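**Q** This is what each chain is made of:
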Amino acid sequence: MEQSSLLLFLRRMFRRKLVLVAFVVLCAIMLMALLAPWIAPHEPTTIRVVRRLKPPSELNWLGTDEFGRDILSRIVYGARASLGIGLAVVLVSMTVGTLFGLMAGYFRSLDGIIMRVVDALMALPDILLAIFLVAVLGASAFNVVLALSIVYTPRVIRVVRASTLVIRELPFVEAARALGVSTRRILSVHILLNVASPVLVQATFIFAYAVLAEAGLSFLGAGVPPELPTWGTMIASGQQYADQAFWVVLFPGLAIVLAALSLQVVGDGLRDMLDPKLRKAL
Amino acid sequence: MNMDTPSLLSIQDLEVRFRTEDGEVTPVRGVTLSVSPGETVALVGESGSGKSVTSLATMGLLPRPAGRVSGGKILFRQRSGQTVDLATLPLPDLRRLRGAEIAMVFQEPMTSLNPVLTVGEQIAESVRLHMGLGHASALKRAAEMLDLVEIPNARRRVHEYPHQMSGGMRQRVMIALAMSCNPSLLIADEPTTALDVTIQAQILVLIQRLQREIGMGVLFITHNLGVVAEIADRVTVMYAGQVVETGSVGELFRTPRHPYTSALLNCLPARARRGEDGRRVVQSIPGSIGKVGNGCAFAPRCGQATDSCQAGSVLLETEMDRSVRCLRWREILA
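These protein sequence lines map, in sequence, to chains A and B.
So the first sequence is numbered by the numbering used here: it starts at 71 and just counts up by one.
So the second sequence is numbered by the numbering used here: it starts at 0 and just counts up by one.
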């Protein structure tokens, strides 16, 4: 019973071939990040000055950077940091955003306060706010996660609040209250489960934004310290050699594009799948 | 109403106010009614007469912060024998009563169930909350309840979601949900309005059967007098937030005292067919709920109204177990 509904869900989700392809790509990238030590052909940090800025060859499939480090290995390891930071941002902003979104949507008295803060945060350009926060907090992986979470949490709050406003008025919420269910349980079970699908869709988009934003921050020097290989730091440190050795920036860039794009497409597929209005059109 | 009647529910002089943009309105003005164990009391009235607000006030479900009980008492005798005033009971205590001793069935079976939880989980939630059962035994109880409300294949259907069921089936689930903790009072707010006629009849029979089995009191809110005749022991008729007539179902249908009640009864098709003066409609639209004017609220629509009806407020006259709020009912009846 459970299994067949899951199967039906997957079949509908992957009716569009592009979504399936994106999902496979996404899984491959994730797997790559998880299994980095076994997949990477070289140590990502081994410096070999004699082989600096070498084009793609049999020894270094995607070439080497300005210190002679293997770019493929750095991309494989970089996936860990880039996706790790993205995932952490998703988890933090989902948790905090859902909590505040539920409260703003359910308790009219909190709505004004929470939404004004959200409006204020959303009025600032994402990357500018992130740069400011990292500059204040100091550059580290933890602070990048913190800064990006602050940037993306307001989006989640908005989505959750909007859904909560609709759901709290539905008769089943009153029916639950008539059965003696506490407000906390109404929020954490009855309403939360009903806002789950828009939040899930939002999560995939925020994942994509966060991967891009982390790369952007690192490129601008406001991201993680350069010794930690992320796709953003690779482009940042390689940019001055781009005219002689395009592979230094091209391949990390492709990795970013591939990851962000596949996340977006999977998110789109998920949204089409979960939105009953669009479901018919499919 | 006698203060020391052993009623299960005794609403005395209930007044409910709502704050709106155009100032305060009073949709319920001095409602008095009682329900004894094992008895079905029908609360009848047209849309906006305050019958649903009365039931919501009883459950403590008035929309906050706009609505509040501004006067009167809602006395409820608990299973422990203690009588509490639901209007002033603190929320945690009220929550313990809701679902356990007082249960409610709503009008909209299509939307009164959570779409993302299986019906079994929803019944089990209430059972776990009030009866302290574990997950497995609560689900077993849920299946028993579905069986009790005559849902076929209850054991399998426990795992179904509301969208997999028809409207009538969902209303049965709602009833199972309400009955799951053996409440002593059931408030049914137009439970059959959204269903088609054959299903309506089945649901009514079901509620009556369960009532006999558990011995609970039922407050049945409806605007359908056909349903009233079928299910109720006593009837309370509301108009514009006030009780205009109360009586046993037989007497009230035979000799309605209030002109509004007779007008309502004249709308019944069966009566019109039998009828001397044919089927009638109640003239014009109901008065605004908030307007607390002088005199009888029904006077503007009443064919029998005289100047004296508009003059001062009309009190509820009680005589034996009948009461009526009309200055001229003796004249009119004669």
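Do not take every clue at face value.
[What the hints assert, rightly or not] Here are some chain B residues the structure puts well away from chain A; computed CB gaps all over 10 Å:
id, residue
1, Arg16
2, Met58
3, Gly71
4, Ala102
5, Thr110
6, Pro114
7, His129
8, Gly214
9, Arg329
[What the hints assert, rightly or not] Restraint-style ranges between C-beta atoms, simulated for each label pair:
id, chain 1, residue 1, chain 2, residue 2, range
10, B, Gly131, A, Thr115, 29 to 35 Å
11, B, Asp320, A, Phe177, 44 to 50 Å
12, A, Leu290, B, Arg95, 55 to 61 Å
13, A, Ser179, B, Leu314, 56 to 62 Å
14, B, Arg155, A, Leu263, 19 to 25 Å
15, B, Pro89, A, Phe177, 16 to 22 Å
Because the hints were derived from the structure by calculation, they are not lab data.
All figures in this text were calculated on a predicted structure; none of them were measured in a lab.
Backbone N, C-alpha and C fix where the C-beta goes; we use that ideal spot for every residue, glycine too.
**Q** Under the constraints set out in the numbered hints, which ones does this structure not fulfil?
**A** Failing hints, ascending: 2, 4, 5, 6, 7, 10 and 13.
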